[in-house]
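Please arrange chain Z on chain V, whose structure you already have, making use of the hints.
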Amino acid sequence: MPTTASSAAHALTDVTASDGSLRRFLHGLPGVDTVGLEARAASLGTRSVKTTAKAYAIDLAISMVDLTTLEGADTPGKVRALGAKAVHPDPTDRTAPTTAAVCVYPDMVAAAKEAVAGSGVLVASVATAFPAGRAALDVKLADVKDAVAAGADEIDMVIDRGAFLAGKYLKVYDEIVAVKEASGAARLKVIFETGELSTYDNIRRASWLGMLAGADFIKTSTGKVAVNATPANTLLMLEAVRDFRAQTGVQVGVKPAGGIRTTKDAVKFLVLVKETAGEDWLDNHWFRFGASSLLNDLLMQRQKLATGRYSGPDYVTVD
Amino acid sequence: MSDKPKNTEKTSEKTTDKKAEQHRRLSVFKTYKLYVGGKFPRSESGRVYEVTDPRGTWLANAPRASRKDARDAVVAARKAFGGWSGATAYNRGQVLYRVAEMLEGRKGQFVQEVADAEGLSKAKAAEQVEAAIDRWVWYAGWTDKIAQVVGGANPVAGPYFNLSSPEPTGVVTVLAPQESSFLGLVSVLAPVIATGNTAVVIASEKSPLPALSLGEVLATSDVPGGVVNILTGGTAEIAAPLAAHQDVNAIDLAGADEALAKELEIAAADNLKRVVRPQPVDYSATPGTDRLTAFLETKTVWHPTGALGASGSSY
Chain V
463 MPTTASSAAH ALTDVTASDG SLRRFLHGLP GVDTVGLEAR AASLGTRSVK
513 TTAKAYAIDL AISMVDLTTL EGADTPGKVR ALGAKAVHPD PTDRTAPTTA
563 AVCVYPDMVA AAKEAVAGSG VLVASVATAF PAGRAALDVK LADVKDAVAA
613 GADEIDMVID RGAFLAGKYL KVYDEIVAVK EASGAARLKV IFETGELSTY
663 DNIRRASWLG MLAGADFIKT STGKVAVNAT PANTLLMLEA VRDFRAQTGV
713 QVGVKPAGGI RTTKDAVKFL VLVKETAGED WLDNHWFRFG ASSLLNDLLM
763 QRQKLATGRY SGPDYVTVD
Chain Z
21 MSDKPKNTEK TSEKTTDKKA EQHRRLSVFK TYKLYVGGKF PRSESGRVYE
71 VTDPRGTWLA NAPRASRKDA RDAVVAARKA FGGWSGATAY NRGQVLYRVA
121 EMLEGRKGQF VQEVADAEGL SKAKAAEQVE AAIDRWVWYA GWTDKIAQVV
171 GGANPVAGPY FNLSSPEPTG VVTVLAPQES SFLGLVSVLA PVIATGNTAV
221 VIASEKSPLP ALSLGEVLAT SDVPGGVVNI LTGGTAEIAA PLAAHQDVNA
271 IDLAGADEAL AKELEIAAAD NLKRVVRPQP VDYSATPGTD RLTAFLETKT
321 VWHPTGALGA SGSSY
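These protein sequence lines map, in sequence, to chains V and Z. This note's numbering applies: residue 463 is where the first sequence begins, and numbers increase by one. This note's numbering applies: residue 21 is where the second sequence begins, and numbers increase by one.
Hints listed in this document are in silico derivations from the structure and should not be mistaken for laboratory results. Ideal placement from N, C-alpha and C gives every residue a C-beta, glycine not left out. Careful: at least some of the hints might be erroneous.
Said to hold, decoys possible - One side only, chain Z facing chain V, incomplete, derived with CB under 8 Å:
#1 Lys53
#2 Ser105
#3 Ala143
#4 Ala264
#5 Gln266
One chain only, chain V, in its complex shape (with noise of 0.2 Å):
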């Protein structure tokens, strides 16, 4: 099993020799069933997941958060109290368990790590040039080589959406490569902005594209754009990460960001790692949820289950 791995990991290398062959690899990829992905995923969705599933599922949930502040108005005293919120989500409830990583802009990430020393949680910094990732390859490098330097446990990157619609797919693989050289030992997520990406043939390709060039994530959204993390495109790049490691035996992780605000959305989203994926990747080193919004409402259900009373904005903080 290893070789059969193994050569078709060489397989995988030999696309990348030129933009020919790459865009022939990605083109060559099964197209979408759009309305069968969406029915499919629309399906998952109505899974019913009550009591003691209901409560794993929570603190599995809450354990995958990447904690997120990234507007123009952050401060360190923001980021702080982020934070502690990720090292203690509930300050009621020591039982609650950590979020996975509180995630900032570079300049925040020395303040971020010194808020959560010590505690497991780690530091998920974006970079090059983010949201937009419009500038010169040398800027986003030392964008990276700034977070990493500061202490950055992960790098959250974004694609040249306007290179990868242009075709010019091994200008985006060598970015990508580049900048995984850059992070160094930090783990790379690579954000596709699937809203901007128009079909979800593109979704499927810039997965391959971004797995075959070394990231440790795939990532949907940067959550500044109208559509953000859906069930179908969280679905489709679930089916990517499987079938990526059944060829090459490389497992990726993903995470969806933006707009899951809800516990109902959460769980419709474990639910489809667990019957897409597979229960591997329903671990947080695997799976993650972008999102700040959603932590207070887990935590609100989390106290209803604990209590057998509805909770209220009242018993969470206001971020």
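Chain Z in isolation, oriented as in the chain V frame:
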């Protein structure tokens, strides 16, 4: 002699024609739905129950709301609270008066529903409905006057203004009276929203139809969605999670019997909800301001008067 049977035949033909004509039109039954967040959803549970008049004749199916509908209603009410409590008292008065205008236009429907629900004659039902409309107008008038009555400037021994002003309590759960399906409902709902609270109403269990129709009136009369949310079904079933809900600030137990009221009051104590206990009320009498002030908090602020002039006062 020969003519006569022909004639009767003709008339009988005519009557069957008439009957056939009456039968040709299918009855259009109304689907009564909940009113939550400005929309008309069915119950999340999909359940309904049969509503009958006092003699047991079927009137309609009403949704049997579940605790999740109650939760959704609280979320809607909380969302609407900022806008409604922040609206000027004058504006709220206008909106409530608009409700009375719209009720006036649909008086016929409400008279019919109240007559069916409570087994009253048309004339008696009309009296009830008119009294209810007048009550909306009465409370509409109070919106911009209650602050002067229960707030004011307090005398203090220092160079300060000390001002007390009433503020709405928040999200209020209202158990509407069980017997008076419309006048009673209006008498407990209008004072809650007049002062800027938002309401989750549990309609009379036996006669919920006038309440559900009131939702349709509210939806078309400038009341922002979520300010009033109307649930129907088992009063005890829906009230229990609402009484325990941490994001509900007050509860009016008008429609609860003694045992239920006690149970709900205990649950409500957990987050120190304001509670109005059930009491015998004559809903036809002018109500006074008790229900207005029951759901108000007093905010008092100190404000320096600034430098006093050489004469001792610059005012």
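Hint check:
1. Lys53: Hint violated; Lys53/Z Cβ to chain V Cβ min 22 Å, cut 8 Å.
2. Ser105: Violated: closest Cβ of chain V sits about 15 Å from Ser105/Z, beyond 8 Å.
3. Ala143: violated (45 Å)
4. Ala264: Interface hint status for Ala264/Z: holds (4 Å vs cutoff 8 Å).
5. Gln266: holds (4 Å)
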